[in-house]
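K.L.:
Top line first, the protein sequences correspond to chains A and B. Quick note: the first sequence uses our numbering, first residue 152, plus one each step. Quick note: the second sequence uses our numbering, first residue 3, plus one each step.
No wet-lab data here; the hints were simulated from the structure. From the three backbone atoms N, C-alpha and C, an ideal C-beta is built for every residue, glycine too. There could be a bad hint or two in this list.
Claimed, not checked - If you want the footprint, here are the derived chain A segments under chain B, 3+ residues with CB under 8 Å:
hint, segment
1, 169-181
2, 187-197
3, 262-272
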Amino acid sequence: MSTQTNHIPGTIREAKAIGSIAMVFVLVSFSMLFATLFMGYAALRNSAPVWPPSGMTNLPLLLPILSTVFIGLSSLTWLKFEQTLKSIWVQLTLVLGLAFTASQFALWAKLKQQGIFADTGVYASIIYTFTWIHVAHIAAAIILLLWPLYWARKNLINDLRAVKIVSIGKFWHFLGLIWGVMFVTLFVL
Amino acid sequence: MAFFEQHMHAAPKTFLSKYIFSFDHKVIGKQFLWYGILFLGIGGIMALMIRWALAFPDQAFPIIGQFMFPETGGIIPPDTYAMLFTMHGTIMIFYAITPILIGAFGNFCIPLMIGARDMVFPLLNMLSFWLAVVSGAILVGSLFTPLGAAAGGWTSYPTLSTLIGSPGTGQTLWSLAIFVLGVSSTMGAINYITTIIVLRAPGMGYFDMPLTVWGLWLTAILNAIFLPVLGAGVLLLIFDRVFGTQFFLAGAAATSGAGDPVLFQHVFWIFGHPEVYILILPAWGIVSDLLSFFARKPAFGAKATALAMTAVTVLSTLVYGHHMFTTQMSPLLTQSFMTLTMTISIPSAIFFANWLGTIWRGSIRFDSPMLFSLGVVFVFGLGGLTGLYLATVTTDLYLHDTYFVVGHFHYTMAASVLLGGFAAVYFWMPKMFGVMCNETLAKWHFWGTMLGLNGVFMGMMIVGYAGMHRRIYNPFIYEHLQRLIPINEFITWSAILMGLSQIFFVINFVHAVFFQKKKAEQNPWNVGTLEWTIPSPAPNYNFKEIPVVKCGPHEFSNPNLPAGRDFQYQTEELVKA
């Protein structure tokens with residue numbers, strides 16, 4: 152791996168510039184993925200004769216609200232982590248991230264209990280697919296969180312790693328934001 | 003622009019770290035080149051099979067037909083025909099052209115031409131290549147599934163691509179392969195964009211970059227923005243096929259149906275139209291540079307060319323609807339899309355005129371890279387002009403889904419890009435492998451390819467205009483198409499000529515890479531861009547000293563230059579009187 156670390160440009164200011172430029176484009180890419188999904192949703196919803204379709208009127212709202220609380224709080228604990236670099240805050244973020252994932256699993260179980268499956272209709276398809284894709288990203292982000300956790304616990308945080316922590320944070324906040332849009336458009340409106 | 007201190011590569015020692023899991027952008031570029039050439043061969047043979055079926059529908063495909071289709075005595079069966087044109091399109095676009103132009107030359111040229119020691123994220127670069135290998139393996143694997151590979155066309159429109167249209171796993175694997183390749187290309191794109199922004203040599207402003215880098219940069223931006231759109235589309239298609247979701251099902255197919263097959267077409271073309279510019283932009287950039295290099299003149303209006311390419315990039319995101327004029331779009335929309343599409347011809351005409359301005363009264367050297375570049379000018383001109391008939395609603399309604407479309411898009415994104423790719427291979431051969439290709443073979447290759455491809459694609463436009471639909475297995479069962487048999491045979495013979503001409507390339511390329519003893523000079527073409535200031539082949543660290551750029555990339559035939567020299571390096575102060 153020495154070959155790659157050789158390529159990290161000299162100073163921190165430069166690493167920050169590279170990190171933020173690259174991260175802008177990474178987030179643009181991910182935004183386009185989710186934007187396409189929302190565009191499809193808007194098209195399907197607006198062309199449907201009735202919305203929500205029959206049988207889809209009393210969707211569970213409590214679990215999505217819980218998810219929103221978890222992921223919102225996790226963004227706050229992460230901000231605190233970026234300020235203090237104390238491992239307790241990254242641990243809390245991780246726990247909240249796992250709680251969010253658990254609440255999503257609970258949501259799917261609840262939906263199945265109500266007889267709503269992925270092939271029940273296009274609204275069900277949308278709910279399942281969007282949450283699946285989002286949780287897949289959350290899972291990737293949770294794995295990314297393990298590095299800051301390790302660095303924070305072992306006191307290994309240096310300036311260069313702080314740059315990486317900020318980048319991981321941007322991705323985490325981005326996923327929170329996407330959930331926010333999903334919560335409002337799928338469950339509230 | 004910032005100046006970054008870049009450390010030198012330690013030279014890799016083991017076989018694995020040198021040739022397989024290399025972090026070096028030049029090695030990754032060569033890996034992509036071999037990958038692309040391999041798939042170009044596979045896709046090319048598929049093209050010949052399609053052509054054979056259209057010219058000689060009841061004759062066995064020569065040589066390999068007996069082994070591949072024993073049950074029909076070597077004749078290509080109808081279901082295989084649908085798989086062939088689907089896989090031909092997919093392979094050529096995603097697995098041949100993209101790896102060669104973007105993977106190989108993007109990787110190879112960007113750091114060398116901007117004076118950097120490597121890409122900014124070498125690990126990401128390596129992962130991008132190996133993900134592309136995984137994707138290629140999935141796609142090739144899909145050929146061997148029980149019901150065969152995907153057969154819904156390279157566009158994979160539902161309902162052809164849903165479980166109703168294609169029940170086999172081939173279509174699912176196709177979608178998965180495209181998704182994985184999309185991830186790979188997006189990773190590459192992020193790397194290219196960031197590298198060009200942060201690692202340009204000191205003194206190199208954006209307009210001091212060679213136009214090749216401009217083309218690759220704009221392509222990377224389009225890739226980063228629009229590949230995820232296709233990613234989302236094929237992901238939903240996979241879910242429809244595997245988990246029974248109902249995004250693209252409609253009518254009787256869906257239990258409480260509100261899915262929409264046309265939605266996929268929208269998603270596909272929101273990506274798909276930028277995609278054609280993703281393919282052509284690197285070729286435009288390469289040609290813009292090579293015309294200047296071999297006409298020994300500064301690129302005419304280089305800044306305008308760069309800005310025109312940028313304008314095309316922006317406009318390309320707004321025109322996708324012209325692929326869907328026949329989907330009962332509202333006339334207001336069709337007219338808007340038509341107008342926006344027509345607008346693209348303005349920036350295109352600007353850089354096309356600049357190309358002509360560059361070669362006008364130049365001291366043209368007809369080396370093989372120049373021949374191929376002039377070939378691009380010719381075929382892109384034709385391809386671009388025929389696009390107007392497809393952008394116009396009234397003519398498109400007649401021409402939609404005919405061979406005219408096939409001829410048009412092959413001229414623009416197959417012929418132009420292929421010739422541009424070959425120009426790049428012959429031009430950068432000394433820097434890539436440290437050897438020169440044989441010029442005579444290269445010229446035979448050019449003329450065979452050029453004559454062949456014009457026969458093929460011009461012929462396609464004629465049969466298309468005569469009403470031949472693009473995806474019929476045997477068109478000649480229709481009475482009105484029976485008179486087109488002779489011209490279809492002519493197209494096929496042209497395709498065979500074009501296919502056989504590639505043998506010159508393969509012999510030339512393989513001989514040069516593995517058996518050529520004579521080393522190339524550092525700067526055989528007398529060109530001033532940064533990659534020619536270092537030895538051939540480029541050392542693993544590229545630049546011993548990071549160069550300082552003092553002039554543009556196209557400073558040729560300056561009258562103030564000392565006698566015997568007609569170019570200057572980008573590292574030299576512009577010669578003044």
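K.L.:
For every hint, state whether the structure bears it out.
P.N.:
Outcome of the hint check:
Counting residues of the segment 169-181 of chain A whose C-beta sits closer than 8 Å to any C-beta of chain B gives 8, which meets the bar of three, so the coverage hint holds. For the segment 187-197 of chain A, the stated coverage by chain B holds: 6 residues have a C-beta nearer than 8 Å to a C-beta of that chain, and at least 3 were required. Taking a C-beta to C-beta cut-off of 8 Å, the segment 262-272 of chain A contributes 5 residues in contact with chain B, enough for the three needed, and the coverage statement holds.
Violated hints are absent here; each numbered hint is respected by the structure.
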